[in-house]
Each structure stands twice: as C-alpha cells, then as structure tokens.
Amino acid sequence: MKQTRVVEFGTGMFVLLGFASLFFLILKTTDVQSDIRGETYEITARFENVGDLKLRAPVTMAGVTIGRVTAISFDSERLEALVTMRIAEKFDKIPSDTDASILTAGLIGGQYIGLSPGFSEEYLADNSEIQITHSALVLENLIGKFLVKLGEGG
Amino acid sequence: MNRLFVDLWYAFRNFLETFGAMQLFLLRILAYSPKTLFTRFRLISHEIYSIGAMSLVIILVCGLFVGMVLGLQGYDTLSQFGAEEGLGTAVALSLLKELGPVLTALLFAGRAGTALAAEIGLMRATDQLSAMELMAVDPVRRVVVPHFLGGAISLPLLTAIFNMVALFGAYIIGVSMMGVDSGAFWSQMRPYVEVADVMEGVVKSIVFGVAVSVLAVFEGYNAFPTAEGVSRATTRTVVISAIVVLILDFMITAILI
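Taken in sequence, the protein lines are chains C and H.
Residue 51 in my numbering is what sits at position 54 of the first sequence, and the numbering runs on without skipping anything.
To get my numbering, take the position in the second sequence, counting from 1, and add 5.
Worth flagging that the hints you see were computed from the coordinates, not collected in a lab.
The reader is advised that the hints may include incorrect statements.
[Stated by the list, open to error] Listed next, with one range per pair, are the computed distances between beta-carbon atoms:
#	chain 1	residue 1	chain 2	residue 2	range
1	C	10	H	136	30 to 38 Å
2	C	70	H	15	55 to 63 Å
3	H	8	C	16	51 to 59 Å
4	H	46	C	102	48 to 56 Å
5	H	38	C	70	43 to 51 Å
6	H	255	C	150	51 to 59 Å
7	C	70	H	81	38 to 46 Å
By construction, the Cβ of each residue, glycine as well, lies at the ideal position given by its N, Cα and C atoms.
Isolated chain C (complex conformation) (with noise of 0.2 Å):
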C-alpha cells in the first residue's frame, strides 16, 4: 500500500513539473505576457515603403506598446503598402491628425511602428485611417542621397 502511494506521488510530482516547466517556459522566453489583450480595434496606415516591418510588429506610442501589425499588404491602385494594425480598445483617445513612422529598435533591432499624436479633437475609431505616414528608412537610399549631396559639393 506505502509503496503505491510512494508511486503515485512521484507520478503526480513529476507530470506536475513537466507542465509547470513548459508554462514557465512559453511566458518567460516569448511575449505572449505582453501580448494585447481584450477589446481590440483595427486601424490603417499607408507606406511608401515598410523596410523590413513584420507581423506582430508592435505598435508603440510615447514608447509604450499599444497594439500589433496584424497585416501587410500591398495596394496595387495607390503603389503603396497598407499596414493594418490592431489597437487596445482601452487606448480610444488617439486623435485623429496622429502620425505614423516606421522606426528601427537599436541598431540591429527589429522595425516597429510609432504613433506621435496629433493636436485633432477627434480621435481615431475602427477602421479608421491614418493619413500622415513616414516609411521606413531604407540604408542604400540614405547613402544615396549623402552621395549625391557629396557630388553638388555641398
């Protein structure tokens, strides 16, 4: 009887580790803690150009995570790409005249996009879209253009 028991505790114990290990593991190496939660709504954005944004990118405000890219997609009517990203529902003041950049975390970083808000008393609802957009910078242009600079002499 003693001996079963014995067995059945470390049966338990041990299943209980395995699950508890695997839990720790998926909140603590990935973000789905910081994951958004709850009420969402959808919003848009054009680029000239997205660099090398990818989905579930984070959507950053003041530098604090407020929503996700949830897509990517290219407008053949307008050449231009549209960027569609879900935002808390708790984050509903966000004026509407608010601008949009695609900006590079660190060096080497992943890109992400940063809403710098606007002055407009009227705030940003579902499927809204941004209008003001700065798209990513794009290193060969850059040197490009420094080159071209360099040419005027200037």
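Using the hints, position chain H against chain C.
Just chain H now, kept in the frame of chain C:
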C-alpha cells in the same frame, strides 16, 4: 558481382519488412491506446513513474550542464561582437528548437528505451508473454501499450524540464559569473522567441517520444527469447533510436521552418 546484388536486395527487403512490421505494430498500439488510457490508467501511471520520474536525475544533471556550456560558449562568441546581451536569445532559441528535444530524446533512449526493451524482451525470453496469451490476456494490451504510452507521455514532459533547467544553467554562467545583465538576459529573448518556436520543440518532443517508445517496445516484443537476443534488442533500440531521432529532427525542421 551478381551475388552482391542479391545480398543487397535481401538486405533491402529485410529492412522494408522490419520497417513495415514496426508501422503495423505502431498502428495496433495506437488503436488500443485511447481505451487503455481510460481503463488502465493505473498501469500507465506506474510506467510514467518508472520511465519518466526515474529519468529525472539524468535529465536534470545533463540539462544543467548543457545550459552551462551553452552560456559559456555563447558568451565567449558573442562578446567578440560586443553582443553579450543577446546571450539569452541565442541560448533560448537553440535550446527550445533543437538541443532540448534532441538531447532529451537521446538521453531518454539510453535511460528508458533500453529499460523498456530489456523488460519486455526478458518477459518474452522467460515465456511470460506466452503465459499471458494462454490465460487469454493480450500481452500487447496488458504490457506493450502501457509501456508505450508511459514513454510517449514522459518524453515531452522531460523535454520541458530539460529546457527549463538548461535555461537556468545558462543564466547561472552568463549572469552570475560572466556579468551579463540579468534584465537583458530575460527581456532580450521576448521579441525574438515566438510561441511557434516553443511549439516546434513541443511537436518534436511528442514525435520523438512516440518514435523512441515504439522502437523500444517493438525491439523488446520481437526479441529472440535468449539472453543474447535481449542484449541485442537493447543495443538495437539505442542505435536505431539515435538514427531515427536525428533523421526525424531534420525532417520536422524542414517542414516547420
């Protein structure tokens, strides 16, 4: 020359026959599995104890040292680029996606796979399996399926434990000894490690668990009923498990990547 081709052909046919027999054996086990899981849970839980819980020591010790060596090597390499902060990311990704599942499966084949094969092989050699058949007890259902399920359930759990311990091993070396910032170690992995990466490891460990367990019980069940036959079955279990795990690892990575 002709002789060589005939030999090769027979070797190939032999291989295919064993391979096919193993697939059929796996199908048979899987067909009995759901029912066994509910009606004979006590048998399975006993196997999880003797296969899984008893393998904890080797998994914990090996995991700790694998993590520590990853921390040391990773730090040494990354510091040449001044990117020590990326240590957490490098260690977490290599562990979760590759090293954790593969090393745990290899250790598991050595620690538990051999035990499974030897136990069932010895039951075959001492006619215990035939005795069960005489009593109208199906040895596959009574012995093989619980052993298989115990192994297949234990390996994914052991892999998760291995990963966690190894991560702490890397933390001990990287943060406590080499002075990587503790916050950077944990926070740097978050943007780069996706839930899909963790799941890739989980999928691998489940597949490895099924593969190693079915190999072990198959070899044991079909062992020659002699002392030599049992020893050959245990050896084959380890050798074939190692080969199969590494081949499957490549195939799953190629599919999931």
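Here is how each hint holds up against the structure:
1. As the Cβ distance of residue 10 of chain C to residue 136 of chain H is approximately 34 Å, the hint placing it in 30 to 38 Å holds.
2. A C-beta distance of roughly 58 Å is found between residue 70 of chain C and residue 15 of chain H, which places it inside the suggested range of 55 to 63 Å.
3. Take residue 8 of chain H and residue 16 of chain C: their Cβ atoms lie about 57 Å apart, and the range 51 to 59 Å holds.
4. One distance hint, 48 to 56 Å for the beta-carbon pair residue 46 of chain H and residue 102 of chain C, holds here, with the actual separation near 50 Å.
5. At roughly 44 Å, the beta-carbon separation of residue 38 of chain H and residue 70 of chain C lies within the given 43 to 51 Å, and the hint holds.
6. At roughly 58 Å, the beta carbons of residue 255 of chain H and residue 150 of chain C sit within the given window of 51 to 59 Å.
7. Checked against the hint of 38 to 46 Å, the pair residue 70 of chain C and residue 81 of chain H passes, with Cβ atoms roughly 43 Å apart.
In the structure shown, no violation is registered for any of the earlier numbered hints.
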